[in-house]
Amino acid sequence: MSDLVSEEYGMIAHAFRDATTALAGIAGIVSVDLAFVSADFEAHDMADLVQDVLGRGANVILINGLAAENQGPVGFLQRPYSSDDIGRIVSAFV
Numbered sequence: 000m001s002d003l004v005s006e007e008y009g010m011i012a013h014a015f016r017d018a019t020t021a022l023a024g025i026a027g028i029v030s031v032d033l034a035f036v037s038a039d040f041e042a043h044d045m046a047d048l049v050q051d052v053l054g055r056g057a058n059v060i061l062i063n064g065l066a067a068e069n070q071g072p073v074g075f076l077q078r079p080y081s082s083d084d085i086g087r088i089v090s091a092f093v
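In numbering that gives the first Met the number 0, the protein residues as written are 0 to 93.
Take these hints with a grain of salt, some might be off.
Just the calculated beta-carbon pair ranges, DEER-fashion [claimed, not checked]:
#1 GLN77 <-> ASP17: 27 to 35 Å
#2 SER81 <-> GLY54: 24 to 32 Å
#3 ASP17 <-> LEU53: 26 to 34 Å
#4 THR19 <-> ARG87: 24 to 32 Å
#5 SER81 <-> ALA23: 25 to 33 Å
#6 ASP17 <-> ARG55: 28 to 36 Å
No lab work stands behind these hints, which were simulated from the structure alone. For each residue, glycine too, the CB sits at the ideal point set by N, CA and C.
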């Protein structure tokens, strides 16, 4: 996912499997345009992560997220998804 976005759209993207790793990763990343995050963790962690990423001026794509969790420039993917699905969302961000 990250490679596709980097190659096709020139964005710096990172993928995270859980909120703890994502929060630590985002804090250590100098520049990020887009974060892919699985929504399979607690809502409290999700809100913190989304706010942290958005605060850095980046976008978020929640995998298996709910539109009700929308707190800004957030895209949503439901498994299974394709590179076309990713492209549709990323195109809205650029």
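Could you see if the CB distance from THR19 to ARG87 stays within 24 to 32 Å?
holds (29 Å)
Measuring from beta carbon to beta carbon, are ASP17 and ARG55 in 28 to 36 Å?
violated (19 Å)
With respect to the beta-carbon atoms only, verify the hint that ASP17 and LEU53 lie 26 to 34 Å apart.
At 19 Å between Cβs, range violated.
Could one say that the CB atoms of SER81 and ALA23 fall in the range 25 to 33 Å?
With Cβ atoms ~30 Å apart, the hint holds.
Can you tell me whether the CB distance of SER81 to GLY54 sits inside 24 to 32 Å?
This hint holds: roughly 30 Å between Cβ atoms.
Cβ separation of GLN77 and ASP17, checked against the hinted range 27 to 35 Å:
violated (19 Å)
In summary, the structure is inconsistent with hints 1, 3, 6 from the numbered list given earlier, while agreeing with the others.
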